[in-house]
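Residue numbers (my numbering), protein chains in the order written: chain A, 234 to 559; chain B, 6 to 267.
Every clue listed holds true.
These stretches of chain A come out as covered by chain B in the derived footprint (C-beta under 8 Å, 3 or more residues): (1) 313-326; (2) 333-340; (3) 348-356.
Just so you know, these hints were derived from the structure itself, not from any lab.
Note that beta-carbon positions come from the ideal geometry of N, C-alpha and C, so glycine has one too.
One letter stands for each residue in the lines below.
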Amino acid sequence: MTTNAPTTIANPSVPATPAVAVSARGLTKQFGNFEAVAGMDFDVYEGECFGLLGPNGAGKSTTIRMICCLTARTAGSLTVLGEPAAPGQRTIKGQLGVVSQEDYLDPALTVRENIEIHGRFYGQSPEVAALRATELLEFMQLDGKTNEQVRSLSGGMRRRLVIARALMGRPRLLVLDEPTTGLDPQARILVWRKVRELKAEGVTVLLTTHYMDEAQRLCDRLVVIDHGRILESGRPRELILRLVGRECLECPDIAPAVVDGLTATLRPEDQAWHEWQSDSWVLFSPNLSAILDRWDTAGIAPSLAYRRPAGLEDVFLRLTGRELRD
Amino acid sequence: MDGVNGMVWPRFTKGALMVFRRDFLSWVKYYKSSVLLNFGEPLTNLLALGFGLGAYVTKMSGDPFVDFIGPGLLAVTAMNAVTFDMSFEAYDRLNENGIYLSMITAPLHPAEIVGGEYLWEACRSLLYGLVFLVVLLPLGIVHSWWALLLPLPLLVTGMLFAGPALWVATAAKNHEQLFYYFTLVVTPMFMFSGVFFPLAHLPVVIRDLILLTPLVHVVNLTRALILGQFPPTLWQDILWIVGYTILFMALPGRRLSRRLTD
Ligand SMILES: Nc1ncnc2c1ncn2[C@@H]1O[C@H](COP(=O)(O)OP(=O)(O)OP(=O)(O)O)[C@@H](O)[C@H]1O
Ligand SMILES: [Mg+2]
Numbered sequence: 234m235t236t237n238a239p240t241t242i243a244n245p246s247v248p249a250t251p252a253v254a255v256s257a258r259g260l261t262k263q264f265g266n267f268e269a270v271a272g273m274d275f276d277v278y279e280g281e282c283f284g285l286l287g288p289n290g291a292g293k294s295t296t297i298r299m300i301c302c303l304t305a306r307t308a309g310s311l312t313v314l315g316e317p318a319a320p321g322q323r324t325i326k327g328q329l330g331v332v333s334q335e336d337y338l339d340p341a342l343t344v345r346e347n348i349e350i351h352g353r354f355y356g357q358s359p360e361v362a363a364l365r366a367t368e369l370l371e372f373m374q375l376d377g378k379t380n381e382q383v384r385s386l387s388g389g390m391r392r393r394l395v396i397a398r399a400l401m402g403r404p405r406l407l408v409l410d411e412p413t414t415g416l417d418p419q420a421r422i423l424v425w426r427k428v429r430e431l432k433a434e435g436v437t438v439l440l441t442t443h444y445m446d447e448a449q450r451l452c453d454r455l456v457v458i459d460h461g462r463i464l465e466s467g468r469p470r471e472l473i474l475r476l477v478g479r480e481c482l483e484c485p486d487i488a489p490a491v492v493d494g495l496t497a498t499l500r501p502e503d504q505a506w507h508e509w510q511s512d513s514w515v516l517f518s519p520n521l522s523a524i525l526d527r528w529d530t531a532g533i534a535p536s537l538a539y540r541r542p543a544g545l546e547d548v549f550l551r552l553t554g555r556e557l558r559d
Numbered sequence: 006m007d008g009v010n011g012m013v014w015p016r017f018t019k020g021a022l023m024v025f026r027r028d029f030l031s032w033v034k035y036y037k038s039s040v041l042l043n044f045g046e047p048l049t050n051l052l053a054l055g056f057g058l059g060a061y062v063t064k065m066s067g068d069p070f071v072d073f074i075g076p077g078l079l080a081v082t083a084m085n086a087v088t089f090d091m092s093f094e095a096y097d098r099l100n101e102n103g104i105y106l107s108m109i110t111a112p113l114h115p116a117e118i119v120g121g122e123y124l125w126e127a128c129r130s131l132l133y134g135l136v137f138l139v140v141l142l143p144l145g146i147v148h149s150w151w152a153l154l155l156p157l158p159l160l161v162t163g164m165l166f167a168g169p170a171l172w173v174a175t176a177a178k179n180h181e182q183l184f185y186y187f188t189l190v191v192t193p194m195f196m197f198s199g200v201f202f203p204l205a206h207l208p209v210v211i212r213d214l215i216l217l218t219p220l221v222h223v224v225n226l227t228r229a230l231i232l233g234q235f236p237p238t239l240w241q242d243i244l245w246i247v248g249y250t251i252l253f254m255a256l257p258g259r260r261l262s263r264r265l266t267d
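Next comes chain B alone, as it looks inside the complex:
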């Protein structure tokens, strides 16, 4: 029997598309409050830090401070939109309202549920990322037509961060444990992934450690596309992103399977 031994990869089937549809129908009802939640923080950061702190720190790596942090915050917005949904919401779907349990009474495999969630998170990341881009436009932060390529990394970023968050949701015993993921993983990543200051300012050991985490590479890529500046190491960032996305993809399947059929 699958799901007990070995990896359970997501399945992108017709059933997965229906799980995606369910998420969309639900989002349509809640997007007003959820948009506020997801933009409030990065927007505050952008305005307070970009224009407040930016009055003192005028240049960062040769760019105006807002130009530097804007693209990074776009990546963070996409990550958060996905991470909140796949941790708190998915936890509730699994443990509180039984949405996943009702799904598997129909001929849906847990791997199709995971597949559907990934598809939806890819779209969420795209959606929230693009709206943030629209916010950056009038601020004059978008400098390059390369920004038109952003949908691609945004879709991938959604998949990338969905896996670990869903895994956390299947492992957590209560809501409090979900907060640990934010305090111990998401927030430190947010602070140290080159969103606010270049990694070059950090000791080599710490910098190498940070380069082992995923967000920094997404930040590098979005910044490159928005500012139109392509450092020679960008191909490495792309490799990291693709590698992590594939690596994390199989993370939650087995555990979700087990949780739904124990």
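Chain A extracted, bound-state conformation:
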């Protein structure tokens, strides 16, 4: 961790280095000979929402499990809330709320019992746990299901219950491994609202998701990882501008032959870059208007084309390629 030594007079316009909630240096995890996390360096600042994005098998959950003191690192250093992270580290765990990728709900217990007992694991009194459970069930709109068995819940309700469970211990650092997978749009919005609310209270949030719109909305900063390594890091807006530009042109259902004709007109000063995203051909360039004029003049403008702002999804696809991961 590097902090600026206060040798010069502090400049009030430069914000102080924010406190660090999680700091990883050369963080590595091996399973046998396989390196799931291959030397990652990153800092999560207190009070921010930090995103961990990457394709299936990139190493997100493994990184998260190390941060949550659920598995040991093979090499490197990892500090969480000022303490070195390691399995069995109570001080850290007591300040964490964890939504793991799998639900791990207790099928023998009711909805309420599931989260109440979790509060008790954090050392809460029965009264505090009961109060907190009522509050959270209401917020997650599960108050109608309080006494039902967990197995009678739908997948999305179960996920909401897992999020409620993670909040039982009033975490200082909330770790969310794909919290909204399987949720309907209303429930996702509910979760986003809760995350913002917690952030406003000063809670640090670490998030993985495969929904790029979600990452763009919630994350102050994020890293894109693949094969256990960090490919890029930064603020969502900044990553979009730097890596794919402000906007793009998307042409659905276009014939490859037509695309060949279009790309032939591109010039070096267009700084154009294009790719296939499923059946759509997408063109990125800071010079889109000029290119479109050129196509109009030449009479080759595609019949169906949307000009849209570039997003994190474009960044993600550009960085990690289009091949499916198994």
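Got chain A; can you put chain B with the ligands on it based on the hints?
Chain B with the ligands in isolation, oriented as in the chain A frame:
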């Protein structure tokens, strides 16, 4: 880091009490079916063997046959109640429904999970043992006020059999492997631990081998308390029980730790 090298002893903390509470809450929902499962077999044995076979074999070591096997079956009931829970149920908590995994996201140590499970199994053993005692009462099998002391050995018996079964659950790769524990260990112990016939009828070598296993000593103790007959070697049985309980206690901790954090 603990849990990787050396022994992991169970921890009986406040957190362990909450693990106990979780088991209790779960049991409350299932006890009806689980009671049937745990009593069906010993009760059938008692009635079929005690009164069926008992019509031909009238005396065993000088006692009526039902009087002889009743106390032994009580010990077996307690052992089975614990062993089923700590093998099949614990296997599921570890591998299927992730209950243990969700527990350790909270500030709970695997050793506290083990501690909580032991406390619960002690209670299970007590509960199922006492209900079986209530079944023995109207059959006129309980002959002594010493039976009032049974809760103590029952609590200890729960702890004694919880450790090995939980160890098996952490080592098994699938449900089938759990059955091996029953076929190779639990059932032979049940058949040869002096539940149905006195060990005196067996060759010395086999008898000495059996005396190295735990159940026979529990059977001797429950029989002594229920029939009010105290053989001079009873103190040895008590020593064996206490020794095994302590010895087995640290059995599953390390492995569970490793399984939960690999
Ligand atoms: N316990 C384990 N033993 C062996 N390999 C593992 C283990 N856990 C994870 N891996 C491997 O490590 C790699 C990273 O897995 P991880 O679960 O961290 O990916 P992820 O980024 O969370 O993926 P997803 O988006 O699918 O959840 C994968 O190749 C996975 O097979
Ligand atoms: Mg994952």
